[in-house]
Amino acid sequence: MVTAPGLLRAREVAAEVVDPELPMLTLADLGVLRDVAVDPDGAVTVSLTPTYSGCPAMAEMRAAVTARLQAAGFADVRLRTVLNPPWTTDWITPAGRRKLAEHGIAPPGRAPGPVPVALTLTRRAAVPCPRCGSADTTETSRFGATSCKALRRCRSCLEPFEHLKEI
Amino acid sequence: MNDDHVYLSLTEGDAGGDARWAFGTGFEDPLHGVDTTVPDGVDRDALAAYCLALGDDALISSQRLAEWCTRAPELEEEVALANIGLDLLGQARLLLSRAGQAEGAGRDEDALAYFRDPADFRNVRLAELPNGDFAFSITRLLVLSSWRLALFARLTSAADPVLAAVAAKAVKELAYHREYAAQWALRLGDGTEESRARMVRAFAEIAPWLAELSAAEAGFGVEPGATAQDVAAVLASVAAETGLTVPEATPVPGSGRDGEHTEHLAPLLAELQSVARAHPEATW
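In order, the protein sequence lines correspond to chains A and B. Everything in the first sequence is counted per this note's numbering, starting at 1 for the first residue and increasing by one. Everything in the second sequence is counted per this note's numbering, starting at 168 for the first residue and increasing by one.
Everything labelled a hint here was simulated from the structure, so no lab data went into it. It cannot be assumed that every hint is accurate.
Computed list of chain A residues with no C-beta within reach of chain B, every gap over 10 Å [unchecked claim]:
# : residue
1 : 43
2 : 80
3 : 93
4 : 104
5 : 107
Okay, the calculated bits of chain B under chain A, using three or more residues with CB under 8 Å as the criterion [unchecked claim]:
#  : segment
6  : 252-265
7  : 310-318
8  : 326-333
9  : 345-353
10 : 393-404
Each residue gets a CB set at the ideal place from its N, CA and C atoms; glycine is no exception.
Between the sequences and the hints, there should be enough to build the whole structure, so can you do that?
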């Protein structure tokens, strides 16, 4: 049986698991950890939400959460996937944004909100360089090493960098 | 215990199916732990058929996009096309899983993706046409992502909560796909004489397949033809910037939704399904 202090501990352990593709972020920083609860039968249930539909890191995240909780003494662990409300980059915490920038990845701006059905080719807000802070940067590719990142280059310090796209 | 390395951490701890890390047969359930109750009042057969069709559109599109790997004009475009394909593969997995649950015959996403024959697929035929040149692939991506976005925007209020949630997630991804395709369409349509000529040809090649899309969307609160104006508006906005026009064309009779396909689907599926059929039940 998991007690109230046990629940707190389970929350801490689950929150510390890191994202496999952005290992500077914990699942809590990324905003994909929706809930940790204790079921009437004593099992710990962890609710995760996927970032992208095809994100191959989801299976890895579930395995890591289960393994970490079991290592911390929680024998019975259940994983629940929450699809609604869908994750957006607004779920990334301020600490998560700071860590991204410290690791040379430009954090996302505000999520664009409801997707308009009409096509607008509006320019997105400027993305400042995470290394030198210059606003003079240009996109080299809309999609980077993972679906969630774009590739950019700074025209001031000339360094390439990744940008976590607003979604 | 070692979480510092993706693969090491998977070889220890949890011995259940979750720890398996493989694409293809045996890859874990994408709807793992989702409340998959079908609500009262939702026709299970209709839900299964609808999710299957939308899942097939995504699966076949994803396979065509993956074919651009090692063939794209630039490395950045190859990465972009593969990532778009990955998003669609994720949508396909969720939708095929949902179709299997609603059907209730014990078929999971793998059974539906790998062990159906061409006549059992329900994707629209535009998705299965060969990639052609880059202009054709971009124009097709523009049309299919615009259509899917307009359709999924409506499905966010579908009576089935899983379908609605999958749609709500997908619209954000589709907006990026459409923007990518639109920017290339503008660049090619407004580029050199050669790139423009190829875009003119691509628009002509795609025009006969547009009518099939409008007829293929009916169900779950969406009337047939509901998205036609939205798709036409997207194409018109690209046309306005480039002077390209979508020519009038006689629609190709039939529909992939009825299991009617071009001769191009069977070879695509032969490649997609070859490993799973050669080694059924294999995991790695």
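Against the structure, the hints:
No Cβ of chain B approaches the Cβ of residue 43 of chain A within 10 Å, the least distance being about 12 Å, so the stated non-interface status holds. A Cβ of chain B approaches the Cβ of residue 80 of chain A within 10 Å, the least distance being about 4 Å, so the stated non-interface status is violated. Every beta carbon of chain B lies more than 10 Å from that of residue 93 of chain A, the smallest distance being close to 19 Å; the non-interface claim holds. Its beta-carbon lying about 19 Å from the closest one in chain B, residue 104 of chain A satisfies the requirement of being farther than 10 Å from that chain.
With a least CB separation of 17 Å from chain B, residue 107 of chain A remains clear of the 10 Å interface cut-off, as annotated. Given a C-beta distance limit of less than 8 Å, the hint that chain A covers the segment 252-265 of chain B holds, as 8 residues qualify and 3 suffice. A stretch counts as covered by a chain when three or more of its residues have a beta carbon under 8 Å from one of that chain; for the segment 310-318 of chain B and chain A the count is 3, and the coverage holds. Only residues whose beta carbon comes within less than 8 Å of a beta carbon in chain A count, and the segment 326-333 of chain B has 5; three or more means the coverage holds.
By the rule of at least three residues with a Cβ nearer than 8 Å to a Cβ of chain A, the coverage given for the segment 345-353 of chain B holds, with 6 such residues. Under the rule that three or more residues need a Cβ within less than 8 Å of chain A, the assignment of the segment 393-404 of chain B holds, with 4 such residues.
In this structure, the one hint that does not hold is number 2.
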